[in-house]
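These protein sequence lines are chains X and H, in that order. Each residue of the first sequence is one higher than the one before, counting from -2 in my numbering. Each residue of the second sequence is one higher than the one before, counting from -2 in my numbering.
For the record, the hints were derived by calculation from the structure and aren't laboratory data.
No distinction is drawn between identical chains; accordingly, a pair holds when it is met within one copy or between any pair of copies.
Capping the alpha-carbon separation at 27 Å, the derived lysine-lysine pairs in DSSO-like fashion look like this: (1) Lys27 to Lys132; (2) Lys110 to Lys75; (3) Lys34 to Lys144; (4) Lys272 to Lys21; (5) Lys272 to Lys132; (6) Lys144 to Lys26; (7) Lys244 to Lys259; (8) Lys65 to Lys21; (9) Lys259 to Lys190; (10) Lys260 to Lys190; (11) Lys27 to Lys272; (12) Lys144 to Lys27.
Since we're looking at a predicted model, the values are computed, not measured.
There are 2 protein chains.
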Amino acid sequence: MRFEIAFIGFGTVGRGFADLLLEKREYLKKAFGIDWKVVAISDIRAGSVMDSNGVDLAEAVRLTDSGKGIEGIPGERKGLDALETIRESGANLVVEVTWTNIKDGEPGYSHIKTALEMGKHVATTNKGPIALHYKELMRISSEKGGKLRFEGAVLSGTPVFNLFEGPLAGCSVASIRGIVNGTTNLILSEMGKGRTYSEVLREAQRMGYAEADPTMDVEGWDAAAKAAILANHFFGADIKPSAVARKGISGITLEEVMDAIKKGGRIKLLARAWKEDRGDVVAEVSPTWLPESDPLASIGGVTNALTFSTDALGEVTIVGLGAGRRATGYALLADMISIARSLA
Amino acid sequence: MRFEIAFIGFGTVGRGFADLLLEKREYLKKAFGIDWKVVAISDIRAGSVMDSNGVDLAEAVRLTDSGKGIEGIPGERKGLDALETIRESGANLVVEVTWTNIKDGEPGYSHIKTALEMGKHVATTNKGPIALHYKELMRISSEKGGKLRFEGAVLSGTPVFNLFEGPLAGCSVASIRGIVNGTTNLILSEMGKGRTYSEVLREAQRMGYAEADPTMDVEGWDAAAKAAILANHFFGADIKPSAVARKGISGITLEEVMDAIKKGGRIKLLARAWKEDRGDVVAEVSPTWLPESDPLASIGGVTNALTFSTDALGEVTIVGLGAGRRATGYALLADMISIARSLA
Chain X
-2 MRFEIAFIGF GTVGRGFADL LLEKREYLKK AFGIDWKVVA ISDIRAGSVM DSNGVDLAEA
58 VRLTDSGKGI EGIPGERKGL DALETIRESG ANLVVEVTWT NIKDGEPGYS HIKTALEMGK
118 HVATTNKGPI ALHYKELMRI SSEKGGKLRF EGAVLSGTPV FNLFEGPLAG CSVASIRGIV
178 NGTTNLILSE MGKGRTYSEV LREAQRMGYA EADPTMDVEG WDAAAKAAIL ANHFFGADIK
238 PSAVARKGIS GITLEEVMDA IKKGGRIKLL ARAWKEDRGD VVAEVSPTWL PESDPLASIG
298 GVTNALTFST DALGEVTIVG LGAGRRATGY ALLADMISIA RSLA
Chain H
-2 MRFEIAFIGF GTVGRGFADL LLEKREYLKK AFGIDWKVVA ISDIRAGSVM DSNGVDLAEA
58 VRLTDSGKGI EGIPGERKGL DALETIRESG ANLVVEVTWT NIKDGEPGYS HIKTALEMGK
118 HVATTNKGPI ALHYKELMRI SSEKGGKLRF EGAVLSGTPV FNLFEGPLAG CSVASIRGIV
178 NGTTNLILSE MGKGRTYSEV LREAQRMGYA EADPTMDVEG WDAAAKAAIL ANHFFGADIK
238 PSAVARKGIS GITLEEVMDA IKKGGRIKLL ARAWKEDRGD VVAEVSPTWL PESDPLASIG
298 GVTNALTFST DALGEVTIVG LGAGRRATGY ALLADMISIA RSLA
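Bound-form chain X, shown alone:
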């Protein structure tokens, strides 16, 4: 399969994918019959370049890694915005990696919708559009034939959706629970060493693990968006992030964290989704006490993990990175491989 790729967004995640494309060019060809060229890159900060004969991806990475724009790279056209790039680049695979917005999903939602309506394949790590518009986007994908993949929307490259496309395809899932937000897990882990919430939060902010406004993480919004995606994908629900029962960690005291440890366990911010007997799907996010024997209890720092309760295999837990340039870039690589295989 030959992919002609348009990058919509070229920040950390896009460049992580670019790194892997460049490193693994021969392996992709040999193992999966995948050829690729990049026909366009459009980024709100770095600028835009389009060339149907191929854009120099290594040069684009080099320039943006040093904070420079990409419009000096040779190309047939420059300066097109994201939607123009999607419409005019001739790409068959749109890699949507702009910023996250879980209020209305924009601008990613319009990018993905436009691409799918043109029958293009889309790989994205952008959780906003998937959390908010899953049903509509899947419907368009199904109608127009372009595949939509979003492995990176929950655990970055650590497999979730591809796990059930592949090795666990023969299982059905009854419930899911897990640690899907690295920032809050880091804060709770550090509090377990006897430090207060505000002290740890300030340090996480200094180290770049938490935003200046940490609301998205500490109030559970990020986890709620991911819980919605899991509920909608695995249980056929149509739950928005705002409808997820949600409690964050900003009210957790050091005393509660230390008490949990004394009782032989840990408090973790869990995202959960399950289908009730009468068919209703529930998604929720809340700090939860887990006994030490639970595989999720020992997940420390920014590591993420999900436990799936399945019919054939009991509980299966996957543990891995939930963020990072290379790990999130890998999600897009896995999605590209998955698309190629689904069309083979």
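Based on the hints, put chain H in the right spot on chain X.
Below, chain H alone, put in the same frame as chain X:
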């Protein structure tokens, strides 16, 4: 794809697979285009029945579950042994689930080899033949075109090989470590509650988790066979179980276990495999101290887990059951799906 299945062995694992085949018949058809019928069952205790029009699988499960033989089931031929069944049943998929032997791999080795030489697909959970004869069997598979799958040889149905066929196919693996033997992990977990090795071993024997002769488990032989399989599959080695550097848990004292906990960690019996810089592959099994922050440290009881260190995704850990009728049966289902897909 239409599978005509011959069961070679019809003990707990074979019946676990049979349960899932019967439960998921419609799903297999709808999701993967898989039709199946069982054309033969041959078991050293339950007897043998062959019918090219299909053997009544539900009846075979019912009879063997009540300790009865299967030769009363209607069928064209009765009483054939395993090799005759493989040669004469016309099956295109041989499910090899006889007993484990890690000295010479027999009789599973001859069953698998015979089937592969006839170009048949083979799914097995039998670690002996895979640990001892991986290279030869893979070569025959490759020459004759029948696929060889053995998901269940390491973690029962919890995905290992199918994980890297599917979602992690874009990663390369640098090293593997994990808990691959439930009995020893149960013993070490219980010793962590302050009980002696001999007390816990006796209880595990009473409960059926440990054999009367526990050597295979407690001296690390089972784990060594699995380490050899991992080394041979992931790193292209040709290591026999007897060549795995191996230390079991029979020499571990209660004092050592409690000391490990006092130091904020756990002793676990780890199987490990990796490729050294100059290309040599190493496989070993030994009791190892892990800090509490390691995802493997909290894996208690009979649960198994493997951590893969990868180039693109850092460390990925999969945790799940390592034994059981249904979980091991699922390995064969996953293998059947994988074979169907690889031929689609």
